[in-house]
Amino acid sequence: MAALVAADYIEPDLVLSKDGVLMVVYNEWLGDTTNVANLTQFADRKKQVQDNSYPYRPQYFNKDFSVLRFDEYLDHIESLSKTLDRPFGVIPELKSPEVFNALFPAANGRGYEVKLLEIMTKRNYTLNQPPPLSPVMQIGDLLDKILNIKPKNYDKPNYKLAALQSFDSETCEYLGKNTKIPIVSLDQNKPWMYTHKGLDKIASYSKILSPAKDLLLAGPAVYFEYNKISYNKTEIESMGGFLQPKDLVREAHKRRIELSPYTLPDSRQPSGLLCTKYNDTRFEYCPENRKEEMFYFFDLGCDYVFVENIFEAQILCLAFDNKIDSKDC
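For the sequence shown, UniProt numbering begins at 1 and goes up steadily by one.
To be clear, the hints were calculated from the coordinates, so they are not data collected in a lab.
A hint or two may mislead.
Below, a list of computed lysine to aspartate or glutamate pairs in the DMTMM-like style, where the Cα atoms sit at most 20 angstroms apart [stated by the list, open to error]:
1) K207 with D168
2) K115 with E28
3) K207 with D247
4) K145 with D85
5) K82 with E28
6) K291 with E312
7) K201 with D168
8) K228 with D187
9) K18 with E28
10) K95 with D187
11) K18 with D71
12) K197 with E170
13) K122 with E93
14) K115 with E170
15) K82 with E72
16) K254 with D303
17) K180 with E11
18) K156 with D8
19) K277 with D266
20) K47 with E28
21) K156 with E78
22) K228 with D280
23) K95 with E72
24) K201 with E237
25) K190 with E173
26) K201 with D187
27) K277 with E225
28) K95 with E173
29) K115 with D71
30) K95 with E308
31) K197 with D187
32) K145 with D155
33) K190 with D168
34) K201 with D155
Construct the complete structure from the given sequences, taking the supplied hints into account.
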């Protein structure tokens, strides 16, 4: 479905099966992927956890698709690229590296990451990767890109579009030092990242920083306060102090780090933003709808955005592009 609506990247979440095979599964826990909750021998392990996540996801395709191995996912992507005559980026996320590296010990402690790199290398995703900063799209290209209208001088890329992502900083650092494929540092709870010295470190191994979107709206200090994430204030000050959203984007770009906040859901769902839950004057702005939210991140200078409703996001991209064109006239 993502391919049919012209997604730029199609994201699989990766875990390891009990026999050490990379599988495309979002949840790494038994309770979400097996019938363990119904087995009487484990009844004493049941517990109830309060969760504020979205309570329901469409279940339409549960009987149509089985769980894929990662190499099968790549087969599908390459087949769709050929059939639809357009490139699709792959952007696998390594889920819980600390868990799987403990379950599958390797001499270097990075067996999980090595398995991923071996497959990416075997499938030629490491060949001819472009330099860290690829050319910015020219104004007027956006609609053609969505409709797959190629310019007369179009040359098919000589590399496969890819990026690798993880919430684990050590995993990102290992990957960054062992492949030319761009690395995405995902984050929701590491205060050090949002300082001058933190960005210096990220720049040494990642091309893209992908923070929880509230970090770029509320700012780091307010975000960590409401999420009850503690940090050493003296240490943060020694690293240059927290960077507010506009400064964070500017300083990241100075270091050739691109920004990609996550995740903007379908507009029929609540945004989940902190500013919609708490009345706090420190929130300088609070988007009232998905259009305002998306435009905020574009105005801020973000390079990409993780979204769930691709078609809706494309409409908003085109609307923002038209808004810029109108200002230029």
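Evaluated hints:
{"no.": "1", "hint": "K207 with D168", "verdict": "holds (15 angstroms)"}
{"no.": "2", "hint": "K115 with E28", "verdict": "holds (17 angstroms)"}
{"no.": "3", "hint": "K207 with D247", "verdict": "holds (18 angstroms)"}
{"no.": "4", "hint": "K145 with D85", "verdict": "holds (12 angstroms)"}
{"no.": "5", "hint": "K82 with E28", "verdict": "violated (32 angstroms)"}
{"no.": "6", "hint": "K291 with E312", "verdict": "holds (9 angstroms)"}
{"no.": "7", "hint": "K201 with D168", "verdict": "holds (14 angstroms)"}
{"no.": "8", "hint": "K228 with D187", "verdict": "holds (15 angstroms)"}
{"no.": "9", "hint": "K18 with E28", "verdict": "holds (11 angstroms)"}
{"no.": "10", "hint": "K95 with D187", "verdict": "holds (13 angstroms)"}
{"no.": "11", "hint": "K18 with D71", "verdict": "holds (17 angstroms)"}
{"no.": "12", "hint": "K197 with E170", "verdict": "holds (17 angstroms)"}
{"no.": "13", "hint": "K122 with E93", "verdict": "holds (18 angstroms)"}
{"no.": "14", "hint": "K115 with E170", "verdict": "holds (16 angstroms)"}
{"no.": "15", "hint": "K82 with E72", "verdict": "holds (15 angstroms)"}
{"no.": "16", "hint": "K254 with D303", "verdict": "holds (13 angstroms)"}
{"no.": "17", "hint": "K180 with E11", "verdict": "holds (19 angstroms)"}
{"no.": "18", "hint": "K156 with D8", "verdict": "holds (16 angstroms)"}
{"no.": "19", "hint": "K277 with D266", "verdict": "holds (19 angstroms)"}
{"no.": "20", "hint": "K47 with E28", "verdict": "holds (17 angstroms)"}
{"no.": "21", "hint": "K156 with E78", "verdict": "holds (14 angstroms)"}
{"no.": "22", "hint": "K228 with D280", "verdict": "holds (16 angstroms)"}
{"no.": "23", "hint": "K95 with E72", "verdict": "holds (18 angstroms)"}
{"no.": "24", "hint": "K201 with E237", "verdict": "holds (16 angstroms)"}
{"no.": "25", "hint": "K190 with E173", "verdict": "holds (15 angstroms)"}
{"no.": "26", "hint": "K201 with D187", "verdict": "holds (14 angstroms)"}
{"no.": "27", "hint": "K277 with E225", "verdict": "holds (14 angstroms)"}
{"no.": "28", "hint": "K95 with E173", "verdict": "holds (15 angstroms)"}
{"no.": "29", "hint": "K115 with D71", "verdict": "holds (11 angstroms)"}
{"no.": "30", "hint": "K95 with E308", "verdict": "holds (19 angstroms)"}
{"no.": "31", "hint": "K197 with D187", "verdict": "holds (16 angstroms)"}
{"no.": "32", "hint": "K145 with D155", "verdict": "holds (14 angstroms)"}
{"no.": "33", "hint": "K190 with D168", "verdict": "holds (10 angstroms)"}
{"no.": "34", "hint": "K201 with D155", "verdict": "violated (35 angstroms)"}
In terms of the numbered hints stated before, the structure departs from hints 5, 34, listed from lowest to highest.
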